[in-house]
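Q: So you can see what is in the structure, the chains are spelled out below.
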Amino acid sequence: MNIEELRKTRDEIGKRRERYDAILMVCTGTTCQARGSLALVDRLENELIKRDLTDRFLVVPTGCLGLCSEGPLILVQPEGILYTGVSEDDLADIVKQHLLQNNFVDRLLYRLEGKAIANMKEIPFYAGQQLLSLRHRSTLNPEKIDDYIGANGYQTCYEVITGMEPTEVVDTVVRSGLRGRGGGGYPTGLKWRACREAVEKTGNHPVVVCNADEGDPGFMDQAILAADPHSVIEGMMIEAFAVGAKEGYVFVRKEHPLALRRLSKAIEQARRKKLLGVAIFGTDFSFDINVHRGAGAYVSGESSALMQALTGRPGEPEAKYVHTTERGFRNMPTVLNNVETIALLPAILEKGPVWFSSIGTGDVSKDPWNGNTGTKLVSLTGAVKNAGLLEVPMGTTLREIVFDLGGGLPEGSELKAVQLGGPTGGILPESQLDLPLEFDALSEADCPLGSGSMIALDETTCMVQLAKFMVGFLKEESCGKCTPCREGLVAMDVLLRKIASGEGEKGDLDLITEYGQTMTEASLCDLGRSAATPVVSTLRYFRDEFEIHIKDGKCSAGKCRDLISYNIIADNCTGCTVCVEACPENVISGEPGKPHVIDQDGCTRCGICREVCRFDAVEVR
Amino acid sequence: MSDLSKLDKIIDRWNADPEFVVEMFQDVQDQLGHIPRDALEKVSDRTGAPRGSLFHIATFYQAFSLQPRGENEIQVCMGTTCYALGAQRVLEALERELGIAPGETTPDGKFSLRKVRCLGCCAIGPVVAVNDEVVGTIRPSDVADFLTGLS
Ligand SMILES: Cc1cc2nc3c(=O)[nH]c(=O)nc-3n(C[C@H](O)[C@H](O)[C@H](O)COP(=O)(O)O)c2cc1C
Ligand code: SF4
Ligand code: FES
Chain A
35 MNIEELRKTR
45 DEIGKRRERY
55 DAILMVCTGT
65 TCQARGSLAL
75 VDRLENELIK
85 RDLTDRFLVV
95 PTGCLGLCSE
105 GPLILVQPEG
115 ILYTGVSEDD
125 LADIVKQHLL
135 QNNFVDRLLY
145 RLEGKAIANM
155 KEIPFYAGQQ
165 LLSLRHRSTL
175 NPEKIDDYIG
185 ANGYQTCYEV
195 ITGMEPTEVV
205 DTVVRSGLRG
215 RGGGGYPTGL
225 KWRACREAVE
235 KTGNHPVVVC
245 NADEGDPGFM
255 DQAILAADPH
265 SVIEGMMIEA
275 FAVGAKEGYV
285 FVRKEHPLAL
295 RRLSKAIEQA
305 RRKKLLGVAI
315 FGTDFSFDIN
325 VHRGAGAYVS
335 GESSALMQAL
345 TGRPGEPEAK
355 YVHTTERGFR
365 NMPTVLNNVE
375 TIALLPAILE
385 KGPVWFSSIG
395 TGDVSKDPWN
405 GNTGTKLVSL
415 TGAVKNAGLL
425 EVPMGTTLRE
435 IVFDLGGGLP
445 EGSELKAVQL
455 GGPTGGILPE
465 SQLDLPLEFD
475 ALSEADCPLG
485 SGSMIALDET
495 TCMVQLAKFM
505 VGFLKEESCG
515 KCTPCREGLV
525 AMDVLLRKIA
535 SGEGEKGDLD
545 LITEYGQTMT
555 EASLCDLGRS
565 AATPVVSTLR
575 YFRDEFEIHI
585 KDGKCSAGKC
595 RDLISYNIIA
605 DNCTGCTVCV
615 EACPENVISG
625 EPGKPHVIDQ
635 DGCTRCGICR
645 EVCRFDAVEV
655 R
Chain B
43 MSDLSKLDKI
53 IDRWNADPEF
63 VVEMFQDVQD
73 QLGHIPRDAL
83 EKVSDRTGAP
93 RGSLFHIATF
103 YQAFSLQPRG
113 ENEIQVCMGT
123 TCYALGAQRV
133 LEALERELGI
143 APGETTPDGK
153 FSLRKVRCLG
163 CCAIGPVVAV
173 NDEVVGTIRP
183 SDVADFLTGL
193 S
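Line order of the protein sequences matches chains A and B. Residues 35 to 655 (our numbering) are what the first sequence spells out, left to right. Residues 43 to 193 (our numbering) are what the second sequence spells out, left to right.
Next up, chain B with everything else stripped away, as it sits in the complex (with noise of 0.2 angstroms):
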């Protein structure tokens, strides 16, 4: 049960408008880490928003997830240039090292793993943020003590 009284403070936000549902579940997603059954059938109940509609727009950008999400959220840029720069293998690297696919959690919650779109940092690619922190060029072979650096 997520608390609902700073659920309502955000709908108020955005006064309760359905124009703006995106913005409210952005501000849950910050406030959150995700995007809980409630707090979707809350802003419904509040917007006037079917939930289905809802429920696509919480599935179709990938910035929202439903899942809670571990302590550390490691972004993988994996835009053009980044790509282009070897991008891929470091993702691969950050899989095996954690043991876990793109949109998992390491089961002590410590780590969620998410691959992203241009982060606007394309001239030091490959790049990685750590809870919105830019790392610019990291090779896959510095993965391990980059993880490690971490916890």
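Isolated chain A (complex conformation) (with noise of 0.2 angstroms):
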């Protein structure tokens, strides 16, 4: 495909869509999948292929639109007007009443204390966001190239392919301040520079490598990959430009089903289309990207163990004492970039770097690590209301992440914690929410940024359970090839267990720290050298409720199994015989219509009585 063909497909599809009275944009993220919105798109097809409405409305299965909570999602177009918690008896309404007699559902509308609210922009969840790497969201068929194309894709790289010379990008990456968002936030472009130094120094080929095995949580990259697919491709490309490959890979774990699909169908169509392949647009460049299908496994993430994946060994870190950059894939010099950085690259290419630097904070047109620049998707889940995934200005506060587009926690519910940036981020306590979202910022504060994971914590929560359920997690993903992370994670964990359970003594907390420092300062690889982070953090903000179980035995959140007991409030009890047929140990006695009462013996503490009885009748003490 040269750029007049490109060109042409570009206009001809932005015609194809204006022939239309309203496009229908079926979210199939995977959220809302799960939900059954598969079907959604088949029977809205159905249902215009019945009322021979095909040549006025198209239904166009789309990636992830963001509020995942209110799933399944449909957005009508160009309107913007977003259904939610659509199921297959509302498509008929949506047909009839919105589309053929202009009225809104107004059921499936989103409510703010309410409140209907149509149009998808002035929902607060969306109102804040600003759109990089997801720049196509809610605008397209991801398994469809022409879309991307209609979309000016393709068209940036036709531009710096043809028109720059790879240092050139190089520089525009680095004054743009971009900063990998795969957790490290290393400059990109000062990366690229490493990379083809070592070229120039070695005389090897080097290759550039897509970080698409995120863990936990398991959505951001997936989301990028499943909805737009070609932006990933494109900003491979320009990478693979800047620093002279000719080879890509992405690596995807076969746990992301929906990324792996619709990026292997991308990577052909682009193959089909020559953007990928030998000449590229006629010039002497080229470029082709192989995905590998890797399994589960936190640590291989970690670049030296994802070189080792990538060559079908088991992905377990390496000692580094030469940089990735300089040997990694195949012993090529070798750049590795996060999905999410890549998927800004075109955006950044095409509007400029003083552009990209002007959205986010700090001056970074002398220094890339002076400043977090761009955007930052964010996944925000817990305890609040609007659950999803976002984009947001780096610099904006946490607080304005939980409260104004996450809406807050659900009545009676209060904002305890945020944990951030997944098992080996940290916790934040709720006076600490004016932070800003920034990767050093957020690191003085002992709670790092990572891939953008933000999970809202309410009162219920337990700060050593917390603690104890991320060490045991890092324990269970730890490789075992050093011993201050393997045995530091073991030894953590038993002090842990042992202060849940009532049985903590004074010094355990300082043997903690202890252990910690040395995780921290002798593993081996990243994973072990931040995986004290849990603990830093949950101790530095919330000492107080460690030592309380530790000093009074006491769980204020009341979850730690051996230091509470459940108990009927005769008063409240109505004697309805829910909780007796629920208990799991048949230990509720009572006659029906008199207060029961639970035989203490027996109790395992499972929760299940509590969480059945209508009348708020069982106390945790």
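Take the hints with a grain of salt, since some may be wrong.
Stated by the list, open to error - Heads up, simulated DSBU-like pairs for lysine-lysine below, C-alpha to C-alpha not over 35 angstroms straight-line: (1) K157(B) to K532(A); (2) K509(A) to K152(B); (3) K48(B) to K157(B).
Just so you know, these hints were derived from the structure itself, not from any lab.
With the hints in hand, could you dock these two chains into one complex?
A: Structure below.
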């Protein structure tokens, strides 16, 4: 495909779309699919065929629309009307009422404090966002390359390949201030420069690798790949041109089937159009991408482990005496970048480094380390009303994300803390919520941004339990190759279990801190080096809660089994017997209509009675 | 003894290239539900990858199982979000109802129980997947009915 053909396709697609009165974008992201959105696509198409409306309306399966907690979602374009919680039974109304009679289907609209908001852009969750890596959200079918071309796709890499010097591209990315979105925040342009230098020094061919191993939480990078795979391909082309690579690899887990399928399809389409292959756009630039299907292991996302996994060996870290940019995949100079980092590249090259660095914070004109520019994807989950995927300028405060976009917590819950950055990330109390979404500010607060996962935690969260969970997670995921990480996590786990069961002693917390220091200093890879973060941050902000567990043997959140008991409040209990039926241990007794009691000896504190009680008659003490 | 011609087909699909042994294992696991010993040996013979290293791979990734699994595989997401939303208690309820621990299969071969990492549906956690079909916002008290619905 040459540039004329590219432009012709783009214009045709634009015209074709204008022919329709409305386009129904059905979210087929992972969560909406889990709730049956693929069936909605089929049913909606059938409905249009049945009513002979296919000339006027088009159904497009699209990538993640972001507001996952309200799915399945359907967006009516170009008006931008969002329907939430759509089931098959609602489709006839959408067609009849909305498409044919121009009346919104009120019951399916998003509601804020009872008031319906029809237009997606006016919903606070969306209003606070700025889309760069997700810039094609809600506009295209990820399985059609023409849709991407219609959205100006592959134009930027044409301009880059035919009009720029590779070093100019590197300089542009350095000046944009772009820092890696995979967790480390290393300036992308500097990494590329190092790779170019290694190529010069060694004379070896470089390769570019896209890290799509995304472990926990697993939906940001996947969402990009599944919603807009061509933006990642175009980004990799720009990257390959900049460092002089002919070969690219994407490492995706089999556990992310949607991303895997759509990316593979996109690569096939790009090859057919000769956007990948030899002599791209008639230049001497040749490049192709291979997909490597990995199996899930958290540590395999680490750079040296990923290089192993790519060659069919177990994805375990190696001691790094030489940097990956010098000797990585098959010992060749290798640039490893995260999916989100790569997806930002077409926009940066199209609009320029000054534009990019005007978004976010800091002055990066001289030094990319000196700021946090551009936008960041955040997966906001946990105890918030609006859970899902969002993209905001860096520097946005955590409070804005949780309360303005996320809508705060459900009625009756209070925010206790947020967990950031997945299992090697940290925990921040509510009082620190005015911190900005920035690499350095958050690291200084002992709560690194990581890949941008954010979990809102309410007052029922026990920090000892949470720290124990995260340590347990890392203990299972540690490859065990080096002693500090392997043994340190086991020792920490033992101490945390001891504290959770009320057997904690004075000095335990200091011991945990000491183990943490050793792990941070002496571990082989970044998993071990950051594995103490969960305990360091919980101990920094919630030390009191740990001490109460140790000194008083109490768990104020009501979570540590050995320290709590479930009791029936006689005044509230109506004797409805629902809990008697539900109790798996059969230890609740009482006559119907009279207050019941729990036999504490047989109670395993599973909490089911409290969950099923409709009268708030079960309390935790 | 597993179907050897099936195995050959899988290995051929990846050109018996030792760089793709993980992919081969994934396909074997998809077709046979687990990785039988003779499959491991065959992959080793044909790709030239040492048996020890293949055994290491088959045990390193939690997705692989050397033992046959039950008719219905129940995966409980123990990712960080699902944990924060109460997945531990959902897991315990499943253990209690099925009478097995994670990693085990019921004696009648009907159910296997497995802990998995984030399934990418955190917004509707806690999440359980049955034979790859995702069920969201599940509560411990839903578990008994949920299992009855399956059998
Ligand atoms: C234990 C561990 C797991 C990681 N997992 C991922 C991952 O899933 N995806 C990712 O992009 N980076 C991951 N990283 C970071 C990568 O090692 C690497 O820094 C990153 O892919 C570089 O790309 P970037 O500069 O664009 O961020 C992980 C690091 C560690 C230590
Ligand atoms: S730090 Fe942990 S995960 Fe990393 S190499 Fe050592 S044992 Fe393995
Ligand atoms: S943590 Fe369970 S689906 Fe993400």
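Q: Against this structure, judge whether each hint is valid.
A: Now for the hints, and whether the structure bears them out:
With a C-alpha separation of about 24 angstroms, the suggested pairing of K157(B) with K532(A) holds against the 35 angstroms cut-off. Simply put, K509(A) and K152(B) have alpha-carbon atoms about 31 angstroms apart, close enough for the 35 angstroms limit, and the pair holds. For a cut-off of 35 angstroms, the pair hint linking K48(B) to K157(B) stands: about 29 angstroms separates their Cα positions.
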